[in-house]
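Visitor: Chain by chain, the residues run as shown.
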Amino acid sequence: MRRHRGLLVTVALIVVPFGFFFATSGWPLIALVDRAVTTGEGAALGDAFGGTRIARLAFATLAQAALSTLIALIIGIPCAYCHARFRVPGQRLAWVLVAVPFVLPTVVVAAAVGRAQRLMGLDGVSAWVPVITSHVVVNLAVIVRTVGVRLERIDVSVEDAARLGGRSATGAAWCVIRSASDAIRSAAIIVFLFCATSFGIIAVLGGGSVSTVEIEIWFQATQLLRLDVAALLSCAQMLVVAVVVLLTLRGRRPNAVLSGASPRRRPRGLERWLVGVLVGVQLLVALGPVALLVERSLRVGDHWGIDHYRNLGRALAGTGLGERPWRAAGESLRIAVVAAAIALVVGLLAAVGVASGRRGARIVEAALLIPLAASAATIGFGILIAYSRPPLDLRGSWWAVPVVESAIAAPLVARSLVPVFASLDRRQLDAAALLGAGPRRRFLEIVVPSVRAAVGVAAGLGFAVSLGEFGATAFLARSGSPTLPQLMVRLLGRPGDANLGQGMAIGVVMAALTAGVFAAAEAIGRGRSLEF
Amino acid sequence: MARWRVGRGPGAMVLLGLLVGGLVLGCGDAATPAAKDKTVVLVTYSGYALPTAAAEAFTERTGWKIKVVDGGDAGTVLSAAILASGRPEGDVLLGVDTSFLTRAQNSDAFERYEPSALTRVPSELRLDRSGRFTPIDEGSVCVNADAGWFDARDIPLPGDLESLTAPRYRDLLVVEHPAQSSPGLSFLAATRAVFGSATDDYWRRLRDNGVAVAGSWSDAYNTRYTVNGGDRPLVVSYASSPPAEVVYSEGKRTSPASVVLTDTCVQQVEFAAVLRGAPHRDAARRLIDEMLSEQWQAELPLSNFVYPAVSGTPLPEPFRRWAAPVPNPIRLDPAAVGQDRDAWLLAWRDVME
Numbered sequence: 002m003r004r005h006r007g008l009l010v011t012v013a014l015i016v017v018p019f020g021f022f023f024a025t026s027g028w029p030l031i032a033l034v035d036r037a038v039t040t041g042e043g044a045a046l047g048d049a050f051g052g053t054r055i056a057r058l059a060f061a062t063l064a065q066a067a068l069s070t071l072i073a074l075i076i077g078i079p080c081a082y083c084h085a086r087f088r089v090p091g092q093r094l095a096w097v098l099v100a101v102p103f104v105l106p107t108v109v110v111a112a113a114v115g116r117a118q119r120l121m122g123l124d125g126v127s128a129w130v131p132v133i134t135s136h137v138v139v140n141l142a143v144i145v146r147t148v149g150v151r152l153e154r155i156d157v158s159v160e161d162a163a164r165l166g167g168r169s170a171t172g173a174a175w176c177v178i179r180s181a182s183d184a185i186r187s188a189a190i191i192v193f194l195f196c197a198t199s200f201g202i203i204a205v206l207g208g209g210s211v212s213t214v215e216i217e218i219w220f221q222a223t224q225l226l227r228l229d230v231a232a233l234l235s236c237a238q239m240l241v242v243a244v245v246v247l248l249t250l251r252g253r254r255p256n257a258v259l260s261g262a263s264p265r266r267r268p269r270g271l272e273r274w275l276v277g278v279l280v281g282v283q284l285l286v287a288l289g290p291v292a293l294l295v296e297r298s299l300r301v302g303d304h305w306g307i308d309h310y311r312n313l314g315r316a317l318a319g320t321g322l323g324e325r326p327w328r329a330a331g332e333s334l335r336i337a338v339v340a341a342a343i344a345l346v347v348g349l350l351a352a353v354g355v356a357s358g359r360r361g362a363r364i365v366e367a368a369l370l371i372p373l374a375a376s377a378a379t380i381g382f383g384i385l386i387a388y389s390r391p392p393l394d395l396r397g398s399w400w401a402v403p404v405v406e407s408a409i410a411a412p413l414v415a416r417s418l419v420p421v422f423a424s425l426d427r428r429q430l431d432a433a434a435l436l437g438a439g440p441r442r443r444f445l446e447i448v449v450p451s452v453r454a455a456v457g458v459a460a461g462l463g464f465a466v467s468l469g470e471f472g473a474t475a476f477l478a479r480s481g482s483p484t485l486p487q488l489m490v491r492l493l494g495r496p497g498d499a500n501l502g503q504g505m506a507i508g509v510v511m512a513a514l515t516a517g518v519f520a521a522a523e524a525i526g527r528g529r530s531l532e533f
Numbered sequence: 004m005a006r007w008r009v010g011r012g013p014g015a016m017v018l019l020g021l022l023v024g025g026l027v028l029g030c031g032d033a034a035t036p037a038a039k040d041k042t043v044v045l046v047t048y049s050g051y052a053l054p055t056a057a058a059e060a061f062t063e064r065t066g067w068k069i070k071v072v073d074g075g076d077a078g079t080v081l082s083a084a085i086l087a088s089g090r091p092e093g094d095v096l097l098g099v100d101t102s103f104l105t106r107a108q109n110s111d112a113f114e115r116y117e118p119s120a121l122t123r124v125p126s127e128l129r130l131d132r133s134g135r136f137t138p139i140d141e142g143s144v145c146v147n148a149d150a151g152w153f154d155a156r157d158i159p160l161p162g163d164l165e166s167l168t169a170p171r172y173r174d175l176l177v178v179e180h181p182a183q184s185s186p187g188l189s190f191l192a193a194t195r196a197v198f199g200s201a202t203d204d205y206w207r208r209l210r211d212n213g214v215a216v217a218g219s220w221s222d223a224y225n226t227r228y229t230v231n232g233g234d235r236p237l238v239v240s241y242a243s244s245p246p247a248e249v250v251y252s253e254g255k256r257t258s259p260a261s262v263v264l265t266d267t268c269v270q271q272v273e274f275a276a277v278l279r280g281a282p283h284r285d286a287a288r289r290l291i292d293e294m295l296s297e298q299w300q301a302e303l304p305l306s307n308f309v310y311p312a313v314s315g316t317p318l319p320e321p322f323r324r325w326a327a328p329v330p331n332p333i334r335l336d337p338a339a340v341g342q343d344r345d346a347w348l349l350a351w352r353d354v355m356e
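These protein sequence lines are chains X and R, in that order. For reference, each letter of the first sequence is one residue, going 2 to 533 in the working numbering. For reference, each letter of the second sequence is one residue, going 4 to 356 in the working numbering.
Hints were generated in silico from the structure; no laboratory data involved. A few of these clues could be false.
Here are the simulated SDA-like cross-link-like pairs (lysine to any residue), alpha carbons at most 25 Å apart as the crow flies [unchecked claim]:
hint, chain 1, residue 1, chain 2, residue 2
1, R, 255, X, 330
2, R, 68, R, 288
3, R, 70, X, 400
4, R, 255, R, 289
5, R, 68, R, 280
6, R, 68, X, 498
7, R, 70, X, 315
8, R, 68, R, 234
9, R, 70, R, 132
10, R, 41, R, 234
11, R, 70, X, 335
12, R, 255, R, 266
13, R, 68, R, 135
14, R, 255, X, 314
15, R, 255, X, 302
16, R, 70, R, 296
17, R, 255, X, 301
18, R, 41, X, 479
19, R, 70, R, 234
20, R, 68, R, 229
21, R, 70, X, 330
22, R, 68, X, 325
23, R, 41, X, 301
24, R, 70, X, 61
25, R, 70, X, 499
26, R, 70, X, 302
27, R, 68, X, 332
28, R, 41, R, 65
29, R, 41, R, 51
30, R, 70, X, 332
31, R, 70, R, 125
32, R, 255, R, 280
33, R, 255, X, 498
34, R, 41, R, 64
35, R, 41, R, 73
36, R, 41, R, 60
Let the sequences and hints guide you as you build the complete structure.
Guide: Structure (structure tokens):
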């Protein structure tokens with residue numbers, strides 16, 4: 002009887018999550034590699050491009066990711082330092098709000114940055130400028146939060162020692178930041194990967210004039226039907242990303258003198274200005290995009306009005322939409338909720354499984370890394386290739402889109418929950434057992450209260466990611482039933498005020514949904530998410 | 004009862020709501036609504052306008068409603084149909100053109116069907132020998148010129164493709180990217196048909212003469228073209244663009260601003276076909292029959308600015324007045340385009356990027 006129960010738990014915590022990740026990422030990637038090897042014959046890539054083009058694409062991809070990461074670090078680290086050391090009005094708000102662009106659908110941020118560019122009269126500049134700006138806006142939160150939490154735990158004595166040693170205030174701050182280098186490094190890796198595999202932002206802002214490997218995969222597969230070339234590109238991208246991750250993970254060492262939270266103080270003199278500017282930057286990054294969208298969505302010709310929102314209720318002539326956007330919105334929401342539910346269940350099981358450290362936990366942990374190495378487009382493309390013939394043909398099935406969205410969201414959900422389950426107080430559990438509390442009671446009275454908040458946050462994150470998913474869905478959603486991000490991009494790609502206004506209104510609706518759900522979850526979780 | 008504390012608190016509410024919601028929504032009517040009513044689904048490219056009167060007549064006579072699915076650019080629509088081969092999104096696909104005919108023929112995404120009215124289509128439009136692709140209409144992709152712009156500067160209009168490389172037309176032409184836009188690909192194919200092995204050299208001269216490349220037809224025509232407020236008085240567009248300017252001007256224009264350079268025109272035939280695995284195969288066949296009917300054909304010029312495929316179909320007034328007849332369009336060999344398209348694009352990229 003006991004043995005059976007143990008087996009059951011192993012199945013639930015290890016086999017189910019691993020099976021899900023294998024089915025939605027592992028097997029599709031194997032199918033892709035197979036496709037690339039059997040039909041590509043190695044030369045296809047050279048044929049389809051010429052070596053110079055592939056080299057140029059790879060260089061552009063890596064260079065823009067590196068530059069985006071660098072800028073995010075330059076802005077993000079000082080912001081993180083302020084959060085860790087100073088107490089100023091608005092700071093708490095900035096900490097919560099800076100995460101908003103991260104959960105907004107990428108296409109929404111891109112549309113807002115494009116709007117800002119137009120308002121500033123910068124139409125003529127290279128398309129890389131808005132692309133990199135968007136990458137910084139979206140990913141700033143990862144740096145600020147990951148590094149901020151780390152800096153907070155570095156004892157003030159480090160600074161005091163540096164000051165005693167004769168360093169200036171800036172020099173002392175530098176010492177502290179240097180001792181958080183491991184957190185900086187892992188945040189930077191994450192941001193670099195997100196930027197290198199970014200899809201929605203470049204699809205909206207690139208305008209065909211800039212391209213990366215990720216965009217080229219989509220283009221070759223869905224536009225030119227060169228599945229072999231696309232598969233080869235996917236493999237090459239995974240390889241490069243894996244090498245980058247391995248190189249940066251090597252020689253990672255814990256450093257710094259850690260303590261609990263250090264006391265924050267009010268800034269003095271010149272510091273006041275610096276801190277004020279940094280808080281302002283974060284508020285701008287957080288609220289600017291949404292404000293720009295709202296502004297554009299309310300502009301009707303040369304006056305203000307809510308016509309574009311009213312128009313969401315009907316299919317306008319000239320927009321090429323067969324049905325009312327509200328219908329698409331309803332369907333898109335339904336899909337996102339289903340995807341989030343799947344992601345939450347799988348993510349929870351995986352997180353408990355990894356944290357439990359039972360046999361097989363390492364395999365599940367490794368499976369969680371797949372979506373970091375394989376991009377969204379690669380996973381979407383892989384699912385399309387792997388499940389396109391009997392016995393399992395997902396094409397045209399209603400389940401295709403929720404499944405692909407949950408494949409992207411589940412690892413993020415699981416990764417955000419692992420530390421929570423890993424840090425459950427074992428001593429408290431043991432003490433409760435000693436005092437005679439049964440397993441059920443221990444679970445309900447100790448485990449549940451301490452993870453409840455984090456699970457709420459993870460659910461919000463899962464929903465936001467599912468609703469905004471663009472890169473993987475691009476391969477599987479049907480043109481007759483687009484998801485909200487796809488509908489928005491389609492509308493923005495057409496000339497005319499009605500299209501643009503309706504697209505922006507959809508952007509505002511998506512922003513309200515994702516930011517609203519996430520903010521509610523954050524409030525419950527006390528702003529501790531997005532730490533990598 | 005301490006255990007009920009689980010159910011309290013917002014975190015648990017979010018969790019519970021999500022799970023229950025997901026379960027309910029996921030298990031709801033996942034079945035496609037198409038099965039319920041008599042609706043035949045027409046998959047086509049962005050901007051396609053159903054000839055409304057003819058479509059209503061079809062519905063009235065047969066009881067089948069027509070739903071149009073916008074699949075994006077013509078190339079994208081075909082790619083998506085091929086990727087979905089056997090599990091199509093609709094019943095009929097309209098929008099395979101001459102440039103993409105071979106790709107469509109080489110796939111297994113379409114079924115055999117030849118309507119009886121096919122005999123009334125001139126033989127030079129019946130390019131498909133496999134019995135699957137029915138020519139519905141034809142049009143030409145041509146360089147359009149802003150007549151007023153050239154008049155005001157006393158510059159003569161360019162004549163043929165070669166003249167576009169002359170120094171006096173420096174920085175005046177905008178074309179579409181051939182990998183991203185179907186008129187762009189048609190224009191590239193036209194230069195291939197005319198210049199053959201000297202095409203790369205021709206594009207090199209065009210490049211040195213300052214040709215601009217736009218991502219889409221709408222970007223080129225609506226944004227870059229001087230008639231619509233842009234900076235380029237020469238644009239790759241359609242032979243029917245001049246009448247379209249008048250019809251779409253809502254009374255503001257009484258004559259077109261553009262003239263067509265007829266020696267640059269390349270003919271594109273547009274085909275429709277039944278998708279393999281179509282849920283409503285019979286209705287799909289009836290729809291293709293309908294597309295060759297007198298009423299449908301007669302309505303095509305003003306709904307989509309194309310020429311009817313069936314010979315003898317009367318043309319509406321704006322077409323008779325403003326659509327310059329194209330006596331000798333450059334004709335493409337679909338097999339050549341299909342076979343060499345990738346190589347052409349590659350060569351083009353090498354010259355232009």
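Visitor: Going through the numbered hints above, which ones does this structure break? Give me the numbers in ascending order.
Guide: 1, 4, 6, 8, 9, 10, 12, 14, 19, 20, 23, 24, 26, 31 and 32
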